[in-house]
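Trainee: As a plain string of letters, each chain reads:
4 protein chains.
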Amino acid sequence: MKLPHGLSEHDLLRRLDRFQIETPSWAYADTGTRFGKFLQDAAAVTIDDKLADAAAVHRVTGCCPTFAVHVLWDFTAAADPAIVAAKAAALGLGIGSINPNTFQDQCYKLGSVTNRDPAIRRRAIDHILACISLGSRVGSNILSLWFADGTNYPGQGHIRQRKRWIADALHEVHRALPDAMSMLVEYKPFEPAFYHTDIADWGMACAFARHAGPRAKVLVDLGHHLHGCNVEHIVAFLIDEGLLGGFHFNDRKYADDDLVAGSLDPFQLFRIFHEIVLAERETGADLPIAYMIDQSECIKPKAESMIETVMTIQEQFTKALLVDHRAAAAARERDDIVMAGRALKDAFATDVRPFLADYRAARNLPRDPLDAFRQSGHLARAAAERAPRKPRNSGSYA
Amino acid sequence: MKLPHGLSEHDLLRRLDRFQIETPSWAYADTGTRFGKFLQDAAAVTIDDKLADAAAVHRVTGCCPTFAVHVLWDFTAAADPAIVAAKAAALGLGIGSINPNTFQDQCYKLGSVTNRDPAIRRRAIDHILACISLGSRVGSNILSLWFADGTNYPGQGHIRQRKRWIADALHEVHRALPDAMSMLVEYKPFEPAFYHTDIADWGMACAFARHAGPRAKVLVDLGHHLHGCNVEHIVAFLIDEGLLGGFHFNDRKYADDDLVAGSLDPFQLFRIFHEIVLAERETGADLPIAYMIDQSECIKPKAESMIETVMTIQEQFTKALLVDHRAAAAARERDDIVMAGRALKDAFATDVRPFLADYRAARNLPRDPLDAFRQSGHLARAAAERAPRKPRNSGSYA
Amino acid sequence: MKLPHGLSEHDLLRRLDRFQIETPSWAYADTGTRFGKFLQDAAAVTIDDKLADAAAVHRVTGCCPTFAVHVLWDFTAAADPAIVAAKAAALGLGIGSINPNTFQDQCYKLGSVTNRDPAIRRRAIDHILACISLGSRVGSNILSLWFADGTNYPGQGHIRQRKRWIADALHEVHRALPDAMSMLVEYKPFEPAFYHTDIADWGMACAFARHAGPRAKVLVDLGHHLHGCNVEHIVAFLIDEGLLGGFHFNDRKYADDDLVAGSLDPFQLFRIFHEIVLAERETGADLPIAYMIDQSECIKPKAESMIETVMTIQEQFTKALLVDHRAAAAARERDDIVMAGRALKDAFATDVRPFLADYRAARNLPRDPLDAFRQSGHLARAAAERAPRKPRNSGSYA
Amino acid sequence: MKLPHGLSEHDLLRRLDRFQIETPSWAYADTGTRFGKFLQDAAAVTIDDKLADAAAVHRVTGCCPTFAVHVLWDFTAAADPAIVAAKAAALGLGIGSINPNTFQDQCYKLGSVTNRDPAIRRRAIDHILACISLGSRVGSNILSLWFADGTNYPGQGHIRQRKRWIADALHEVHRALPDAMSMLVEYKPFEPAFYHTDIADWGMACAFARHAGPRAKVLVDLGHHLHGCNVEHIVAFLIDEGLLGGFHFNDRKYADDDLVAGSLDPFQLFRIFHEIVLAERETGADLPIAYMIDQSECIKPKAESMIETVMTIQEQFTKALLVDHRAAAAARERDDIVMAGRALKDAFATDVRPFLADYRAARNLPRDPLDAFRQSGHLARAAAERAPRKPRNSGSYA
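Chains as they are written, first to last, in the working numbering: chain A, 234 to 631; chain B, 234 to 631; chain C, 234 to 631; chain D, 234 to 631.
These aren't lab readings, by the way, just hints derived from the structure by calculation. There are no misleading hints in this set.
Derived pair list, reagent style EDC-like, types lysine to aspartate or glutamate, alpha-carbon separation capped at 16 angstroms:
#	chain 1	residue 1	chain 2	residue 2
1	A	LYS342	C	ASP569
2	C	LYS235	B	ASP584
3	B	LYS342	D	ASP569
4	B	LYS342	A	ASP274
5	D	LYS342	C	ASP274
6	D	LYS342	B	GLU566
7	B	LYS342	D	ASP568
8	B	LYS342	D	GLU566
9	C	LYS623	C	ASP274
10	D	LYS235	A	ASP584
11	D	LYS342	B	ASP569
12	A	LYS342	B	ASP274
13	C	LYS342	A	GLU566
14	D	LYS342	B	ASP568
On the chain C side, residues computed to face chain A include the following (Cβ under 7 angstroms):
#	residue
15	GLY388
16	ARG393
17	GLY436
18	CYS462
Here a beta-carbon is modelled for each residue, glycine too, at the ideal position from N, C-alpha and C.
Take these sequences, add in the hints, and give me the full structure.
Mentor: Okay, here's the thing in structure tokens:
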């Protein structure tokens, strides 16, 4: 594998060592579409199951030391959150981002922080504040905010009024952040709202983050864009504005399909990493970006699809590290578009799998994480143990 | 309201009298998104509730005499389907289309009629055959087929093999149709499948319908198209091919949002009706099209949103009847694009609400169906009576 | 026509009187697609022709007193720009926005203000500065900036570097603005650039406008959005940020089709105006928005399509004025989504054509501007006079 | 490079030898967007220039022995077409597809074979018949039909009437085909028509091809689909229907951007070839598909971008040949979606560039065609020789 000018093998290995990916608790549980859930015997039911799966993923990949939690689904009012953190630590995991849930309770039918009822807005904000407190106790330093708020019909809501409610809420939330914690503002054009979503695109997320305060950044979920959107352009723009906070990796062909990362458009993933690597090469420092997965794989075995995603992200990031920036810059300088582009194409065309296998072996990791996971028998054991605990009924569309 | 050349008031009234819209049982029940269901106290729980709602909608609109049923959700193995038909009849309703369900059972996780397991393919076909039999017993003359079959990842399925399985299945189903029954083949580009859907567009639905036999037609669901698709073009094309079987009305801005018809793009609804009316004007006969609603309104009161949809459809159909085809044809004949288009714009700009209020009054219907429904107190009674019977838990995303 | 609470007929008429729409010089000339131009005998060749057409449009509509100019196409180096302004004034027109052209000259093949060659960047900025000076001389108070800059391939350009070049350029341009002039920054996702456009969306336009200075605002062209984009949400957001500077009206179904406004999605146009009217009703003052047309009608007679656009805009704006905001707010306050939406639907369903005919008559304007224009014989005269002056050859695709 | 079960190196080499790609005359000439053309000194002006460029491309790639011609642009009424064929032959090229032009002449403003004027319809058909005759004389065996016909506004045309005009025209054209010639029907959703295009999608192209006769097939241009369309699904479907006639290769991110193939979505190109290879592996025979390029590169040097496209197509086709179909089938048979997909991912991840370099060397071709082309000095010579012959003026948008 040919290394580009300016990148020693040592630098490459070190950068990979520092490239860590967070897996989310909810991606280990059964999820589905509005038409129902197809249950998997081995899918996680409890927070313990989820931690066990995340630990298994980290064991074979070596790059997933943190675990994102969703408050409603992973913590009970009764239990001490520190117990979850302790269990995670015992498995070699840390708690990563903490994700409030202001979209599931029935009271949020017409909005959470944008509800026209001040009591519901208060409840939503209080829940987020409680999440900050909970996060502090479990060692999280990222508050990750996604709001399902929006409307389904023209006239249903007062768009500018709702905008101000969000701005006020985020401002209040920012004030409550402990020093070590940052907050990420996620955007999404639609679903579950089908006419307007209050934080619909990166521009709105930027405006809210700026208004909230200096520790608010933007979270880019790869499935949250309209067709044709140039996501790497947004990424580059956010980097330049100092507002890129993190990613939710997944892939999609149509809407927010939440498939395995890179499964439909691996070149886009590469191009996104290229923008990051280019910026890092210029400053000589890693950008402070949270690399997180948010997928909702419904038919592949949960933990396997997570390993697939992690491996794909690692491969595309490695390819991005191989771009010959000097050659690209020289080509741009002589208006040689063909060769400027070829610097990227050549890196993308490189087969980095053998290198990554060696890289893993050198770190006492399996050369092929997916194969190692299959051989571990984790899924079969999980299925045997969890199936009896699962609900028989997965609900019905109507 | 100015009538165009060639349309007497008598003709207009008669055509409206013959314009009937079918409402679906499932649109009266609680539905949601993959993130959960927001429950409505007044939403229907049982088939009896659904029939009561459909009857209430028909009572105020006068144009919804049939009721589409979904087999899994509306019939129990134990009960005699004729009882449902009798209950419907007692409420002044007939059973309209019958809709098999080959997407909810866990065995269909990887496909129904396209499952690689012949036993599951058999089970899916047998279910459809049973629906035909059930449909015959309840007086239905339309078998409405939607398949969720598809794949989420490149390589997951063998596309051409699956194509042949569908073709074989539909052929077998067609052979079982009683003389009075036709079958409609629905298409959809994605959801719940996110890489490929086996019947992805009208062209595929056509191919399968043609292969199945002469009583197979295509069903156009307004939410099942890619962005930018010219739906009225497809409608006109299908009319000319003799393959337009029916519609599932709803509206959307993004994906298959299943909102109230005409709520986002009323002009598209008008243009679709314009193609139908134009063809009918040329032949002097109504086209044999099943006008059906398929919406999944999650936040408006179910029955109210149904009335809204019915009223909107009626309004746009009436506007389409007002197009001055003679003027449009004359303008086209002299290449006067401006005036050819203005024939449509003028009809669309017409306010037909007063006319429709008079039309309803003359038929002993309320001038404003939505207002009449509200005054009837149906929702409050339904809420009081149904809420105690509802499950408390609406499920959870993860 | 029923007026909503809080809007007297006097207010309505006055607001319409203050609602003026600017037509663009280039929309009177022959334009085409990349496959060629279909020439119209009556299309304008010279600036005098364009002024004559704009004056004819204003004569029958009464609401188009200003005229947007495009520097390369409307001014020659040799001639005194004041002559154009004087000719316009003689026809009852004022010069509206001034539009630099940094996309036609061969030197801009790889960018204007983002060209990697400093000399070309300088040339582009100097051209814009010259436009400001020219604009001052002709009485323009709006500098309208659209950049075609972008790239066609990944790696072709350095996205963040280009971002800074734009920021610097706009900052310099802002400094040169005379007190009376504001600058509008337009965004567009693609075309003519096909991989990334440097100012791709409203969020980027905002960032550049904010960086440039207080008299920089955002220009919303209705055809410059990705599919599914909620444009009225952007409009509301920009209003709230104090950054909505103006519109380029047109319509499209696919890309930047530049068709007659409202010809495909009239309801969207209404919803956009609704957001504006709602904001104006709250403050009691007109928003300082430049309402401009930018269409590139290729097959309808140029001036006729302009009149059609103006009439449609006027109709949808009038409908937006009819929304009953008090009823809508009351419905929202009781979570009555159906009635909140109906306030908009009712206004949109209203036929405002008779009212507008009366409105025009009361101002000594023709009741039907399009009909009056046809009867004026303008097109036939223009065709006879201009055809001999037109080039015979419209170019070829390849 | 690991070969999959069932594919010997000999088979792989032979299949590549039989994989030929046709380049189009028009892609060597200056083209642009509606905003203008950026002229290249080295771009071809005459048919001789185009032949010289195509020969240069074939010289370095070895797989482009045929040359597509566009009648209006490549033949003059006066000259004998056989002279063009002879010149091509002298350069080692054969004439490939012949492309009529029914969209450039002013008379086609409102349609060619769908024009409401029978004289214009006649003229368009006669032109196509003349192309058949011309094609026969130059040894072409493919008539490639693209119609720009469509409308820009609702009501402009009578959609079903136009459908019948197309059907009649294609039927007449098919009757005139000599035995050795087939005809390909291309589809496109929009541009230059912006409301409806008469042959908008593959389903319509199928219907017209079937009606025309057995030698009519469908032509898939990769840029002619709506966003989200699963093109490989269409390809597989057409293969199964026996109606896949050929491809126009290019890539795009937004509309019909006509960029270098695989430059934005190389994985899609791979997936398309995968469907073809899978079908070929099953039957043991090559599918009779015409692999043609249709790109409109505006900023890269014409011939270089053609070589880039050819190399990319060859790479992705080679990767598709590497898919382990036995492993994929076995995985599907045990419902192992992960491994079924991995068969494709592994092939796509393989770096085939070294293999292709060896392959070329073994055939006395340069290992790197682009590099060889650059070293040949072709572009500099062409620029010096052609520039003086080029028009100075590239036209103007308005």
